[in-house]
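Participant: If you want the building blocks of each chain, they are given just below.
4 protein chains.
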Amino acid sequence: MSVTIRDIEIGDTNPIALITGPCQLESLDHARMMATRIAEACAPTGTRFIFKASYDKANRSSLKTARGLGMEEGLSILSKIRDEFGCPTLTDVHLPDHCAPASEACDVIQIPAFLCRQTDLLLAAGETGVAINVKKGQFLAPWDMENVAAKIASTGNERIMLCDRGTSFGYNTLVSDFRGLPIMARTGYPVVFDATHSVQQPGGQGTTSGGQREFAPVLARAACAVGVSALFIETHEDPDNAPSDGPNMIPVDQMADLIGTLRKIDDLMKGR
Amino acid sequence: MSVTIRDIEIGDTNPIALITGPCQLESLDHARMMATRIAEACAPTGTRFIFKASYDKANRSSLKTARGLGMEEGLSILSKIRDEFGCPTLTDVHLPDHCAPASEACDVIQIPAFLCRQTDLLLAAGETGVAINVKKGQFLAPWDMENVAAKIASTGNERIMLCDRGTSFGYNTLVSDFRGLPIMARTGYPVVFDATHSVQQPGGQGTTSGGQREFAPVLARAACAVGVSALFIETHEDPDNAPSDGPNMIPVDQMADLIGTLRKIDDLMKGR
Amino acid sequence: MSVTIRDIEIGDTNPIALITGPCQLESLDHARMMATRIAEACAPTGTRFIFKASYDKANRSSLKTARGLGMEEGLSILSKIRDEFGCPTLTDVHLPDHCAPASEACDVIQIPAFLCRQTDLLLAAGETGVAINVKKGQFLAPWDMENVAAKIASTGNERIMLCDRGTSFGYNTLVSDFRGLPIMARTGYPVVFDATHSVQQPGGQGTTSGGQREFAPVLARAACAVGVSALFIETHEDPDNAPSDGPNMIPVDQMADLIGTLRKIDDLMKGR
Amino acid sequence: MSVTIRDIEIGDTNPIALITGPCQLESLDHARMMATRIAEACAPTGTRFIFKASYDKANRSSLKTARGLGMEEGLSILSKIRDEFGCPTLTDVHLPDHCAPASEACDVIQIPAFLCRQTDLLLAAGETGVAINVKKGQFLAPWDMENVAAKIASTGNERIMLCDRGTSFGYNTLVSDFRGLPIMARTGYPVVFDATHSVQQPGGQGTTSGGQREFAPVLARAACAVGVSALFIETHEDPDNAPSDGPNMIPVDQMADLIGTLRKIDDLMKGR
Chain Y
1 MSVTIRDIEI GDTNPIALIT GPCQLESLDH ARMMATRIAE ACAPTGTRFI FKASYDKANR
61 SSLKTARGLG MEEGLSILSK IRDEFGCPTL TDVHLPDHCA PASEACDVIQ IPAFLCRQTD
121 LLLAAGETGV AINVKKGQFL APWDMENVAA KIASTGNERI MLCDRGTSFG YNTLVSDFRG
181 LPIMARTGYP VVFDATHSVQ QPGGQGTTSG GQREFAPVLA RAACAVGVSA LFIETHEDPD
241 NAPSDGPNMI PVDQMADLIG TLRKIDDLMK GR
Chain V
273 MSVTIRDIEI GDTNPIALIT GPCQLESLDH ARMMATRIAE ACAPTGTRFI FKASYDKANR
333 SSLKTARGLG MEEGLSILSK IRDEFGCPTL TDVHLPDHCA PASEACDVIQ IPAFLCRQTD
393 LLLAAGETGV AINVKKGQFL APWDMENVAA KIASTGNERI MLCDRGTSFG YNTLVSDFRG
453 LPIMARTGYP VVFDATHSVQ QPGGQGTTSG GQREFAPVLA RAACAVGVSA LFIETHEDPD
513 NAPSDGPNMI PVDQMADLIG TLRKIDDLMK GR
Chain D
545 MSVTIRDIEI GDTNPIALIT GPCQLESLDH ARMMATRIAE ACAPTGTRFI FKASYDKANR
605 SSLKTARGLG MEEGLSILSK IRDEFGCPTL TDVHLPDHCA PASEACDVIQ IPAFLCRQTD
665 LLLAAGETGV AINVKKGQFL APWDMENVAA KIASTGNERI MLCDRGTSFG YNTLVSDFRG
725 LPIMARTGYP VVFDATHSVQ QPGGQGTTSG GQREFAPVLA RAACAVGVSA LFIETHEDPD
785 NAPSDGPNMI PVDQMADLIG TLRKIDDLMK GR
Chain Z
817 MSVTIRDIEI GDTNPIALIT GPCQLESLDH ARMMATRIAE ACAPTGTRFI FKASYDKANR
877 SSLKTARGLG MEEGLSILSK IRDEFGCPTL TDVHLPDHCA PASEACDVIQ IPAFLCRQTD
937 LLLAAGETGV AINVKKGQFL APWDMENVAA KIASTGNERI MLCDRGTSFG YNTLVSDFRG
997 LPIMARTGYP VVFDATHSVQ QPGGQGTTSG GQREFAPVLA RAACAVGVSA LFIETHEDPD
1057 NAPSDGPNMI PVDQMADLIG TLRKIDDLMK GR
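Chains as they are written, first to last, in our numbering: chain Y, 1 to 272; chain V, 273 to 544; chain D, 545 to 816; chain Z, 817 to 1088.
Hints are computed from structural coordinates only; laboratory data are not their basis. Note that the structure is a prediction, hence the values are computed from the model and not measured. Hints may contain errors.
[Stated by the list, open to error] Straight-line distance between alpha carbons at most 20 Å, and here's what the computed DMTMM-like set of lysine to aspartate or glutamate pairs gives: (1) Z:LYS1080 to Z:ASP845; (2) D:LYS608 to Z:ASP936; (3) V:LYS536 to D:GLU690; (4) Z:LYS880 to D:GLU690.
[To be verified] To give an idea of the interface, some chain D residues facing chain Z are shown, with a C-beta separation under 10 Å as derived from the structure: (5) THR548; (6) ALA602; (7) ARG604; (8) SER605; (9) LEU613; (10) PHE629; (11) PRO640; (12) ALA644; (13) LEU659; (14) THR663.
[Stated by the list, open to error] Partial selection, computed: residues in chain Y whose CB lies under 10 Å from chain V: (15) CYS42; (16) ALA105; (17) ARG117; (18) ASP144; (19) SER154; (20) GLY156; (21) ASN157.
We put the CB at the ideal spot given by N, CA and C, even for glycine.
Chain Y with its partners taken away, still in its complex shape:
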């Protein structure tokens, strides 16, 4: 089964697509700059991308960290990026009544990992009819995602992608179990690997999450060799000064090289 998002077909026999962008929306100008640079990084390999950004970081470790622009301004920016760049857009939602407005500005609604078992959110997302990218909860086994997908599919919307972003492993640490990718693929839905959040060090003893940016390309390569339909990789022009997820975002000036490597592995595995 593949999911077509605008003119991008996402499936296990298609070239990997990218879900990419800054973690958090900063301004229209910043989003434009990032979309421009991402398009440039993707051009040499003809890699298709979905522009991802969040309008609200609704579950941050601490109250003291920035939450974002809010839904109205955020969705307006995403809508403009889609119009100007012709790329599909994706954002995450946190409450059922966010789904309808998000589905007007975005081609993909993303369900955060912590919320992947919230039935009302899954149903509201499904009912919009746009594609849904569900992150596997850090607390879930990969085979448990079948029930999650079934909740969405009960709305008649089968445009579902299942995304691995790591599994709890002791305290403040995630581990990527690559057996999970083929296990989730047994559902028939396209599988996405989130290389950014898989290297997050959630919580920690302070007030923000840490990360190990240096391992994001390592795990992304592994995912391509295992076989995935898309990769989720957040990027920023200056990660160390980004308002969120800085420790695990890839500097945008390294994206072209990384995409080049990943596409080679993906082409090899998919027999191109």
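Given chain Y, put chains V, D and Z in place with the hints provided.
Facilitator: Showing chains V, D and Z alone in chain Y's frame:
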């Protein structure tokens, strides 16, 4: 710091209180019967209890399992139980706009473990002014609960209890790390141990969670010896036929004995 | 099933016995001083103890840390302590041919956790006929200890104790799963809880293991409330300057109080 | 740093080498047949292999399962295979005094994961001067292997390879953390990925370990994309009837295809 709920003081020098009741509300008659039997089980030791039941199981493993009576009917039942039995009531909420109505029928609002990082829910709960019982996410370290409590406390509501219900340990398994109880107690807030969900086997390969009821008393005893302010123990007159969490609920006819044992350990530890 | 070691009966209806002493033998004088102080700490409650010390730390994190006095001198000291104090002695062995000599100086041979699957060591230990205390490997589930015990029992020696010292939980961390104690008890063999090594932080990024001494009494209390036949607690007059396991040993001047508390919980649970 | 074993150079810029063979030696004829078939599977890609087999399974789950031919006969077979096929041989050792004889029949001595912290075994292995393949203990973090390697290197023998075979993840399950490969590579020693034992399901409730053979190629591909110097893959002509590790060995008739795929990924990553 202790939290007073109606006339029950919950703190680390007070006798343990119980948060108890059936997992899911079934009917007013059933709730009355359960409250009666719980009151009987608590009477010999003079143990104080908060009646707990859910009106909506919003995050069940599968869509095919029962969700409950809904908010309106559920809150009406909880309100009647409070009036008739004079006991405080507790229910869990899943969306910010559930907090205000829940706070009218209940003395304690409970934040589910999966949702313990959702800032808007924590703030809405805090703003009601009623006491809040926050479950530690299965994906969180105990020291990370300090940030969770700080989000609630930012509303000016310091009537907070922190509740351990197990931590992810491999797939479909939780483990109770008893170091977590004194670590969470460093915040100054009363600490609750949830013996029912700590023995849950989340997800599993089927469509419901399993459980190991036989270990709930074992872990409850351990928690009392470590030292807690309250215990959370779900109970039912016929767990194997209960609409949810059957595999880990204690049969209500075993509650008096269990409470007796737990109170003896608690009395010993608190020097009574 | 209980195991009698000299005149101490170790079983789930007997008062808890202690396996205690310094982690590592330092000298005959030091061992005498420790045995004297331990005997004093045990006297008020009439608690029986087995004197434990290692002659060789054969599996330290790094080569640069002290290994100990060696087998010959170490066993000679243990033998003298047994004669002078009338207490049983215990030491750990690392190679099959250590078992016979160790069994002459000691009443209990201990199998280290890392070695609990080494068939030849288990058989050699069993064949000595002395009691065997096997630590559960950090990598093993509690139910897997049945096979370990069966290897020893195949020698005709059923004087077996099964000891929990924590289970791997992410990196450099152990967790104590208290469900494991009743699970191991299903074998019929007495179960021991090792409060010292359960709070070890194995490895770490440096060259020694860390520890969280403050949680050893916490977990020991929990174990007594769950129900055990014996506790393993290492102690030292100056843990911070001990040659090994300093971060998790209890100062000997705190032992009397700790034993007093543990005996009260144990008496309560065993109906005395 | 690379390690040269006979004429095979193993390093992070060399084509991946294979450590392969049946888990357990069965007979000289069986070993010859396996070596023949492995040589055929490696020939098309010119992949170099080290023939691996065990003469003694010294740490099996249960006493009732077969241990093997014993050291004398086993080493004699390995020595003959080396002479007849011109390939290096590898076997694992369990006691310090096995190292010297093993080093005469084999070019590589392997330290089992459970024993990777046993100082005397590491030193005895190092002193033979042959190459050493140390498995990372399931209970160790990848950065802890630096201390393990330092113990061997203290003998003056720097011909060390560090091998990942999975990390404890809950009960009866291992997980492969692919961040561990570059972390271990920081030591400068060649890194090996063991695809066979990484998919083992250790212990289980029965008397043997289970396995998930279908994921061995998946994880082997991931390891090649991350970057390794060698792969460890056990194989058998009829895994379901092999005397040990059947559930995770690859049928030998699938090896040529698998090696072909792995070499393509390896060539791509190493810029050939």
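Participant: Determine for every hint whether it applies to the structure shown.
Facilitator: Hints and how they fare:
A C-alpha spacing of about 32 Å is found between LYS1080 (chain Z) and ASP845 (chain Z), which places the hinted pair above 20 Å, so the restraint is violated. Under the criterion of a C-alpha separation no larger than 20 Å, the hint pairing LYS608 (chain D) with ASP936 (chain Z) is consistent with the structure, at around 14 Å. In summary, the hint linking LYS536 (chain V) to GLU690 (chain D) is not supported, as the alpha carbons are separated by about 33 Å, beyond the 20 Å threshold. Taking the CA atoms of LYS880 (chain Z) and GLU690 (chain D), the gap is about 13 Å. The hint holds against a cut of 20 Å.
Below 10 Å, beta-carbon pairs count as interface contacts, and THR548 (chain D) has none with chain Z, the closest being about 25 Å; its hint is therefore violated. At about 6 Å, the closest approach between the beta carbon of ALA602 (chain D) and any beta carbon in chain Z falls short of 10 Å, and the interface hint on this residue holds. Interface restraint check: ARG604 (chain D) against chain Z, minimum CB-CB distance 7 Å, threshold 10 Å, status holds. With its C-beta approaching chain Z no nearer than about 5 Å, SER605 (chain D) sits inside the 10 Å limit, and its interface hint holds.
Hint status for LEU613 (chain D) relative to chain Z: violated, with the closest Cβ pair at about 15 Å, above 10 Å. At its closest, the beta carbon of PHE629 (chain D) sits 31 Å from a beta carbon of chain Z; the interface hint therefore is violated under the 10 Å criterion. Interface hint at PRO640 (chain D): satisfied, since its Cβ lies 7 Å from the closest Cβ of chain Z, which is below the 10 Å cut-off. Against a cut-off of 10 Å between C-beta atoms, the interface hint on ALA644 (chain D) is violated, since the closest Cβ of chain Z lies about 15 Å away.
Because the closest C-beta pair between LEU659 (chain D) and chain Z is about 7 Å apart, less than 10 Å, the hint holds. Look at THR663 (chain D): its Cβ gets to within about 6 Å of chain Z, closer than 10 Å, so that hint holds up. A least Cβ separation of about 33 Å between CYS42 (chain Y) and chain V goes past the 10 Å threshold, and the interface hint is therefore violated. With a cut of 10 Å, the hint placing ALA105 (chain Y) at the interface with chain V is violated, because the nearest CB-to-CB distance is about 20 Å.
Here the hint on ARG117 (chain Y) is kept, as its CB sits about 4 Å from the closest CB of chain V, short of 10 Å. For the restraint placing ASP144 (chain Y) at the interface with chain V, the shortest Cβ-Cβ distance is roughly 4 Å, inside the 10 Å limit, so the hint holds. About 6 Å separates the beta-carbon of SER154 (chain Y) from the nearest beta-carbon of chain V, less than 10 Å, and the hint is met. Annotation: interface hint on GLY156 (chain Y) violated; nearest CB of chain V at approximately 13 Å, more than 10 Å.
Annotation: interface hint on ASN157 (chain Y) violated; nearest CB of chain V at approximately 14 Å, more than 10 Å.
This entry does not satisfy hints 1, 3, 5, 9, 10, 12, 15, 16, 20, 21, going by the numbered hints stated previously.
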